[in-house]
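Spelled out from the first residue to the last, the chains are:
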Amino acid sequence: MSDLAASRMGMRWLIVTLAAGALLIAVVAAGLVYMGSFDVAADKPHSQPVFWLMDTVRERSVAVRAAGIAVPGDLADAKRIASGAAQYDEMCSLCHLAPGMKRTEISRGLYPRAPELRRKSELTPAEQFWVVKHGLKMTGMPAWGVTHDDELLWDVVAFLRKLPDLTAEQYQTLVKSAPKSHDEMMHEMMMDDGHGHDDQPKQ
Amino acid sequence: MVRWIFSNLVFGTLALASFPASFAVAHEDHHMECNETGMNAMHADIQAMDDGEAKTTALKEMQIAEDMMAKKDMKACATHMHNAMEATEK
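Those protein sequences? They're chains A and B, same order as listed.
If you read the first sequence in the working numbering, its first letter stands for residue 1, the second for the next number, and so on.
If you read the second sequence in the working numbering, its first letter stands for residue 1, the second for the next number, and so on.
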């Protein structure tokens with residue numbers, strides 16, 4: 001047999017072996033799925049490698065998608081922060097808690113745990129905006145962008161930047177100082193654009 | 001018949017009246033119990049922590065709690081789970 005023929009034969013065997021291996025993996029995976037081998041119970045944590053994988057997938061997915069988002073220059077604006085505080089108190093504190101707040105039943109039962117946002121976050125403002133707007137699959141984090149326009153969501157981000165510095169008293173004061181309640185803000189948003197944000201640039 | 005209706009009314013009222021009280025008691029204290037559910041919940045809390053001294057302490061306390069549970073020393077297990085919980089809340 002010539003070298004060329006032997007090489008072709010070797011290549012053919014390699015392809016057949018790889019295809020058979022892939023098929024075997026697919027059959028085993030399908031079998032495991034069908035037998036319900038993966039426990040989806042929220043009261044049983046992932047093994048460390050699975051947790052790491054899910055965490056890294058989430059982190060990278062957010063970082064890549066948030067990369068092109070333009071951050072407003074007025075995130076330190078007191079009015080924005082106060083408006084964000086009212087929204088945070090209404091929409092987020094049940095799961096993400098707040099300064100001086102004890103853990104809630106929902107925060108204890110969610111898996112993965114909703115991060116306590118009074119602790120410093122490693123996310124950039126653009127990443128925080130993306131997460132708040134689009135939510136996160138398989139975490140319980142809703143996509144607030146479905147019901148809130150971008151301006152309101154940036155208010156929340158403005159508040160999130162301030163949150164780690166707040167005491168329980170300062171948090172309460174800030175929530176009370178909000179120019180409007182959450183419901184009033186929502187009503188105003190509806191009146192402004194008839195709940196369409198299609199005319200706004202997508203971020 | 002009247003007695004049957006009366007007794008059902010009394011027991012029904014008592015049951016309804018005691019429900020909010022028992023519900024409140026059940027939710028008053030969130031301390032971790034030394035059982036599989038409590039252990040899993042603590043592990044989920046620890047997974048969510050950033051690496052650092054607090055996480056190391058929590059992991060160490062959980063390891064001791066698990067050892068105590070294996071030795072059927074539930075009191076010591078609960079103590080170490082409590083220590084782990086305190087570390088997660090730092």
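No lab work stands behind these hints: they were computed from the structure.
Some clues are possibly wrong.
PhoX-like, lysine-lysine: derived pairs with alpha carbons at most 25 Å apart [to be verified]:
1. A:Lys102 with A:Lys120
2. A:Lys79 with A:Lys120
3. A:Lys79 with B:Lys90
4. A:Lys120 with B:Lys75
5. B:Lys75 with B:Lys55
6. B:Lys55 with A:Lys120
7. A:Lys162 with B:Lys75
8. A:Lys162 with A:Lys176
Consistency of the hints with the structure:
no., hint, verdict
1, A:Lys102 with A:Lys120, "holds, 18 Å"
2, A:Lys79 with A:Lys120, "holds, 22 Å"
3, A:Lys79 with B:Lys90, "violated, 31 Å"
4, A:Lys120 with B:Lys75, "violated, 35 Å"
5, B:Lys75 with B:Lys55, "holds, 23 Å"
6, B:Lys55 with A:Lys120, "holds, 16 Å"
7, A:Lys162 with B:Lys75, "violated, 41 Å"
8, A:Lys162 with A:Lys176, "holds, 16 Å"
Of the numbered hints given earlier, the model fails hints 3, 4 and 7; all others are met.
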